[in-house]
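Model the placement of chain B on the given structure of chain A, informed by the hints.
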Amino acid sequence: RSCLGLTPALTARRLSKSRKAPKSHYITVRQRQPLLMFFSHEKVNPEHLALLLKSEWKLSYVTPLYQFRHTQLKSYSRQLSAFIAAEKQQGFAVEVDGSQSNFRVSFSVVQGMTETEDDAETVLIQVRAGFLRPISEAQRSVWSGWLTCVNGNSDYLCSLPKDFICLPLFGSSGSEVLTTLVQSWFQKMFDCCFGPLEMNNTCLQWLAALWTNCHPESSIQHLKMIWTLPVVPPLQITYTVNPKDAWKLWSSVRKDPCEENKEEEGVSIDIEDVMRFMQGLKSHFYRHFRLDLSAGCLKQVSTALGSATFSGRVKISNSQYILSTLTLLTECALFKMPV
Amino acid sequence: MAAKLNVSESSESDSPNLSNLSACSRTGSRSLRVAEKERRKNGAEEPFVLALKYFSNVEAGTPVIGNDEFERNMVLVEQVAYFKGLSPEAISVMLEFAMSSRMGTNPCVRVLKCLIPTTMVPQEAVVRGVAWLGVGKIPISSQVLFIKWVLTIFDMIDAKDQLRAIYGFIFSFVTEESLCPFICHLLYLLTRKESDIEHKMYLLFPQGRQPFLSHLLSLYKVLCPELVTLSIPSRMRSGFRNHNSPWKSALIAVQKSNGSQTDSSTSLPLTIKEKTSLRKRKHKHLELPVLSSQVNKQPQTEPFTSRKVVPLAQLHSLSQLLENMHCIELPAQMGSLLGSSLALQYLDCVQDESALLRLNFWLGYALNEEFFFCGDGGGSQTSEEALQFLDKLLSSQQFLQEGFSSTEAFLYKFLSVWDGSLFRPQILSLLSNIPVVPNSQIGQLLFEPLMQLFFTSSLFFRCGLMECLNNMLLKWLTWHSVYALEDDLDISLNSHTSINMTLSGFKDSVMELIHFAGRLGSVGLQLEGCHSLLLSFILDFYETVCDTFLKYGLPLVVMPPPGVFYPALFAPDPVSVDRLVNIMYRYKVNLTSAKSKEKQAFHISRQTFREFNHYIVVMVNCLWNSKMFQPDMGIQLGEELLLKSNIPEYWASFDLVHHPAFLSYAVDFHQRVSADHLDGHDLCLHSKPWTWYLEFLNSQGYDGTGFSLFPSFKNNASYTEYGQHLCFISAMLQNGFQG
Numbered sequence: 001r002s003c004l005g006l007t008p009a010l011t012a013r014r015l016s017k018s019r020k021a022p023k024s025h026y027i028t029v030r031q032r033q034p035l036l037m038f039f040s041h042e043k044v045n046p047e048h049l050a051l052l053l054k055s056e057w058k059l060s061y062v063t064p065l066y067q068f069r070h071t072q073l074k075s076y077s078r079q080l081s082a083f084i085a086a087e088k089q090q091g092f093a094v095e096v097d098g099s100q101s102n103f104r105v106s107f108s109v110v111q112g113m114t115e116t117e118d119d120a121e122t123v124l125i126q127v128r129a130g131f132l133r134p135i136s137e138a139q140r141s142v143w144s145g146w147l148t149c150v151n152g153n154s155d156y157l158c159s160l161p162k163d164f165i166c167l168p169l170f171g172s173s174g175s176e177v178l179t180t181l182v183q184s185w186f187q188k189m190f191d192c193c194f195g196p197l198e199m200n201n202t203c204l205q206w207l208a209a210l211w212t213n214c215h216p217e218s219s220i221q222h223l224k225m226i227w228t229l230p231v232v233p234p235l236q237i238t239y240t241v242n243p244k245d246a247w248k249l250w251s252s253v254r255k256d257p258c259e260e261n262k263e264e265e266g267v268s269i270d271i272e273d274v275m276r277f278m279q280g281l282k283s284h285f286y287r288h289f290r291l292d293l294s295a296g297c298l299k300q301v302s303t304a305l306g307s308a309t310f311s312g313r314v315k316i317s318n319s320q321y322i323l324s325t326l327t328l329l330t331e332c333a334l335f336k337m338p339v
Numbered sequence: 001m002a003a004k005l006n007v008s009e010s011s012e013s014d015s016p017n018l019s020n021l022s023a024c025s026r027t028g029s030r031s032l033r034v035a036e037k038e039r040r041k042n043g044a045e046e047p048f049v050l051a052l053k054y055f056s057n058v059e060a061g062t063p064v065i066g067n068d069e070f071e072r073n074m075v076l077v078e079q080v081a082y083f084k085g086l087s088p089e090a091i092s093v094m095l096e097f098a099m100s101s102r103m104g105t106n107p108c109v110r111v112l113k114c115l116i117p118t119t120m121v122p123q124e125a126v127v128r129g130v131a132w133l134g135v136g137k138i139p140i141s142s143q144v145l146f147i148k149w150v151l152t153i154f155d156m157i158d159a160k161d162q163l164r165a166i167y168g169f170i171f172s173f174v175t176e177e178s179l180c181p182f183i184c185h186l187l188y189l190l191t192r193k194e195s196d197i198e199h200k201m202y203l204l205f206p207q208g209r210q211p212f213l214s215h216l217l218s219l220y221k222v223l224c225p226e227l228v229t230l231s232i233p234s235r236m237r238s239g240f241r242n243h244n245s246p247w248k249s250a251l252i253a254v255q256k257s258n259g260s261q262t263d264s265s266t267s268l269p270l271t272i273k274e275k276t277s278l279r280k281r282k283h284k285h286l287e288l289p290v291l292s293s294q295v296n297k298q299p300q301t302e303p304f305t306s307r308k309v310v311p312l313a314q315l316h317s318l319s320q321l322l323e324n325m326h327c328i329e330l331p332a333q334m335g336s337l338l339g340s341s342l343a344l345q346y347l348d349c350v351q352d353e354s355a356l357l358r359l360n361f362w363l364g365y366a367l368n369e370e371f372f373f374c375g376d377g378g379g380s381q382t383s384e385e386a387l388q389f390l391d392k393l394l395s396s397q398q399f400l401q402e403g404f405s406s407t408e409a410f411l412y413k414f415l416s417v418w419d420g421s422l423f424r425p426q427i428l429s430l431l432s433n434i435p436v437v438p439n440s441q442i443g444q445l446l447f448e449p450l451m452q453l454f455f456t457s458s459l460f461f462r463c464g465l466m467e468c469l470n471n472m473l474l475k476w477l478t479w480h481s482v483y484a485l486e487d488d489l490d491i492s493l494n495s496h497t498s499i500n501m502t503l504s505g506f507k508d509s510v511m512e513l514i515h516f517a518g519r520l521g522s523v524g525l526q527l528e529g530c531h532s533l534l535l536s537f538i539l540d541f542y543e544t545v546c547d548t549f550l551k552y553g554l555p556l557v558v559m560p561p562p563g564v565f566y567p568a569l570f571a572p573d574p575v576s577v578d579r580l581v582n583i584m585y586r587y588k589v590n591l592t593s594a595k596s597k598e599k600q601a602f603h604i605s606r607q608t609f610r611e612f613n614h615y616i617v618v619m620v621n622c623l624w625n626s627k628m629f630q631p632d633m634g635i636q637l638g639e640e641l642l643l644k645s646n647i648p649e650y651w652a653s654f655d656l657v658h659h660p661a662f663l664s665y666a667v668d669f670h671q672r673v674s675a676d677h678l679d680g681h682d683l684c685l686h687s688k689p690w691t692w693y694l695e696f697l698n699s700q701g702y703d704g705t706g707f708s709l710f711p712s713f714k715n716n717a718s719y720t721e722y723g724q725h726l727c728f729i730s731a732m733l734q735n736g737f738q739g
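Chains as they are written, first to last, in the UniProt record's numbering: chain A, 1 to 339; chain B, 1 to 739.
Keep in mind that the hints were calculated from the coordinates and are not lab data. Values in this document were obtained by computation on a predicted structure and should not be read as measured data. Beta carbons are placed, not taken as given, at the ideal position from N, Cα and C, and that holds for glycine. Careful, some of the hints might be misleading.
Among chain B residues calculated to face chain A with C-beta under 10 Å, some are [unchecked claim]: (1) ARG358; (2) TRP362; (3) LEU363; (4) TYR365; (5) ASN368; (6) ALA409; (7) PHE410.
For each label pair, taking beta carbons as the anchor points, the in silico distance ranges come out as [what the hints assert, rightly or not]: (8) B/VAL350 <-> A/SER218: 34 to 42 Å; (9) A/LYS162 <-> B/ASP348: 19 to 27 Å; (10) A/LYS315 <-> B/ALA159: 45 to 53 Å.
Once the Cα atoms are required to be at most 30 Å apart in a straight line, the calculated BS3-like pairs of lysine-lysine come out as [unchecked claim]: (11) B/LYS475 <-> A/LYS74; (12) A/LYS88 <-> B/LYS256; (13) B/LYS221 <-> A/LYS54; (14) B/LYS392 <-> A/LYS299; (15) A/LYS255 <-> A/LYS54; (16) B/LYS551 <-> A/LYS188; (17) A/LYS88 <-> B/LYS160; (18) B/LYS248 <-> A/LYS162; (19) A/LYS58 <-> B/LYS507; (20) B/LYS392 <-> B/LYS475; (21) A/LYS188 <-> B/LYS475; (22) A/LYS88 <-> B/LYS248; (23) A/LYS88 <-> B/LYS475.
Just chain A, with the same shape it has in the complex (with noise of 0.2 Å):
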């Protein structure tokens, strides 16, 4: 009769992972990368690619989606546009006649963007407005949101019954009522949940070390970070950085990477980097201000790659680094998930 608890390689999961910090893991995963992941930009629709990295999105994790078929994307497609439809005209008699309050969703699959087998196609789902007028610029895009799995972790996601597809990286960028109102169709449809995705400290941090280290291939401009302190009144600090001096000190704490390059291929970036990294970022500050970041919050990380924002806001401007990057994200968004 005890049968309400999960498979045991969820239990394992779970058990193992609870009280872990949550990085650990990650590391060895994510060693290789900066140089291997470098974007094949045959596999992707260029169209979508250009979508991905235009605007910037503001994330969501998303619990497993039930009985999600990639099949299914173009009834998908209708039924959520009657659903955006009906949802508007709550309120106010049903109005059939006026064309600009009408929605059409279009659901796609982005292929290419996938690392590893168990991961699922990212899926993009782009409502636009005007549909009874013909089509042409007319049917601007006013909402654009996607939802994807790269590089997620195999053991959980082979852990899940086969009812069940993992996306748990959901991107959205448009208004917050029509975000809603896909979230509310999603939950309904496939008995998931969203919740927003904020970025902690780590996360941050991983990405300046991440994009610090591709400024060799690609300059990153600057570094610029914003810390605020908890003092009274709040004090905010963007602290930039030359991206040379960046590259340099990045550089300087890295355990010698060439013999590591002999040994096995590629780079691989330890917690422990990062963590020497910021450190030198800090206490660099601190010989300047007396001001110790370390009391601080990291608020928002942004390069000449990409930027990202504590309250869970990214914009990839690079194509190169999009799957490291999302890699990362779909790390945080798996280590949300409740069970």
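Chain B in isolation, oriented as in the chain A frame:
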């Protein structure tokens, strides 16, 4: 029909409508009373209340033209309506006034145009308005305006059941040419599958093929495809048009101004939504989803398998559930099950892994969002919501007699950040429901955080935690005793459950738990100065522990630590001492029975027997034999120290007569006996006072100390000594009385 209803104006009329009308004026006056109360709070509202009073009381036939009073009141109502909208009561009063045409038909349009609701529209008012349509003295244009108004505010009507009940009545207006488009629209909004469509269909056909009719027909076709055979274009260019023009801008303005002032509870969609959603969304995760049937149907691959399914939402009783057991469809959102015991019953039966996982995802999400991710802590309202949520969760778990795995995962995380007081009863109850934790993780997941909390919290937390551990142990033991029957003892306990645990693994976990509770108990008693409340909870725990073998079939006997045993033995209250004796007796029974079939059962370590024997010797020597502080007893005090204390016969100071817990009983006993015998010496000479005393204790409810459990001690050779002890007491008492 119209003529008959016409007379209902006059109060003397005996038409059936009279009662209705008076009911209305009663509601009117009730609303006024409510308004009056408001007025007392807020003097500025007074003229508006008076205006409403005027409209509800104005006599039929009062002229409008040149009526300054009417004009003044009307302007007032209009001002309020356009500025902040009308309350539900005001809507009722004004609508009734307009539709009854008490002052002729002229004001009707004017009133209808200013009926801007603030929050919602009472259904009764709308139903009464529709009823007035039947009277037929309102001009058609006003009737049209009224239906347009109903269409505009349709989503703000508080309920629609009564409107649906008069579906047929509304339908009868379809024949009215100019009303027809609007009536069709209203019907379109009201139609349900249950509506008596079949009947209506024949009336509709002669009406022609206007777009509004085909729209209604298309809906009928969806609901009853077998009845409508005419082909309807799949996409109709235009259907019902919006008729909200007279009110739209005013409605939006009112909603906006209200939205910025207060957070109206019934959110008006579209406009206010954006404002309130921020606040609301934050706590939305605690709302149970509505129990609704599945939207995302699996594509039917084989057409012939289209068997009938019954959504859980449509079942209302257990018998219905049983009848449809084979074809029940799970709801779209499993979280909705938490609110319904019927659904939980079904869930308990089907044991569908995916369904459980869905429920767990939702539950874990809600708990995480509430307690971890919602950083702001929330106000009192939040904690009220959270409390209700936890209570609902608890009652569901109690109903299933099992904890959800997401709750378990949540608790492990939560314990490390818990302050020990937030929702203490709920969290501890949830904790007592967790399934067996593997031995290797139990320390890290449970004991470390609990230990910290235990040492830093109040007595009540400590008692609560002991109770929680006791319940946890009980659940684990019950779980074991159920499965041990199904499977052989030495193979892994049931392979079909979540936790694949061998018997020895299970035993280790239970042992860890008992040792942990023992450690907490010992330290807790020291910290609290052997508080009897805490002691009582600890003894509760050991009452479970001492019977693990016989009652739950688990081959395990763990003795209490000295830190628990001695405080209980020397406790100042007789109940604790008596319970300790009972517990030791149960230990004895368990050990004896384990030993008698030791070959099949299990091996008990010598250490356990040694501990048990030691405790028994101490207990017997102390309580019955008056041989405290003997060298072999474990409690050793220097001879000279004891002599220095000047306690006469210190070796007897904790026997059943002198034990602080029982002294009062000894006194009581003595008084009763000496009343019978008059002379205390009689008692001392009597051969069996000790037996009498024990029987007396037994009669007082102390069956442990009263020897009924350890009858072997009854024949103790030294019981004559007790006669002397009792003599001592009698002497002491007599002295006391004389002195």
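Results for each hint:
1. ARG358: Cβ of B/ARG358 sits 5 Å from chain A, so the hint holds.
2. TRP362: 6 Å, holds
3. LEU363: Nearest chain A Cβ about 7 Å off; hint holds.
4. TYR365: 4 Å, holds
5. ASN368: With a closest approach of 5 Å, the B/ASN368 hint holds.
6. ALA409: 5 Å, holds
7. PHE410: 7 Å, holds
8. B/VAL350 <-> A/SER218: 34 to 42 Å: Violated: the Cβ-Cβ distance is about 55 Å, outside 34 to 42 Å.
9. A/LYS162 <-> B/ASP348: 19 to 27 Å: Once the Cβ atoms are compared, 23 Å apart, the range 19 to 27 Å for B/ASP348 and A/LYS162 holds.
10. A/LYS315 <-> B/ALA159: 45 to 53 Å: 47 Å, holds
11. B/LYS475 <-> A/LYS74: 49 Å, violated
12. A/LYS88 <-> B/LYS256: With a Cα-Cα distance of about 17 Å, the restraint between A/LYS88 and B/LYS256 holds, given a limit of 30 Å.
13. B/LYS221 <-> A/LYS54: 46 Å, violated
14. B/LYS392 <-> A/LYS299: 37 Å, violated
15. A/LYS255 <-> A/LYS54: 35 Å, violated
16. B/LYS551 <-> A/LYS188: 47 Å, violated
17. A/LYS88 <-> B/LYS160: Distance of about 21 Å is within 30 Å: holds.
18. B/LYS248 <-> A/LYS162: 50 Å, violated
19. A/LYS58 <-> B/LYS507: 49 Å, violated
20. B/LYS392 <-> B/LYS475: This hinted pair holds, its Cα atoms lying about 20 Å apart.
21. A/LYS188 <-> B/LYS475: 35 Å, violated
22. A/LYS88 <-> B/LYS248: 15 Å, holds
23. A/LYS88 <-> B/LYS475: 50 Å, violated
Taken one by one, the earlier hints fail for this structure at numbers 8, 11, 13, 14, 15, 16, 18, 19, 21, 23, listed in ascending order.
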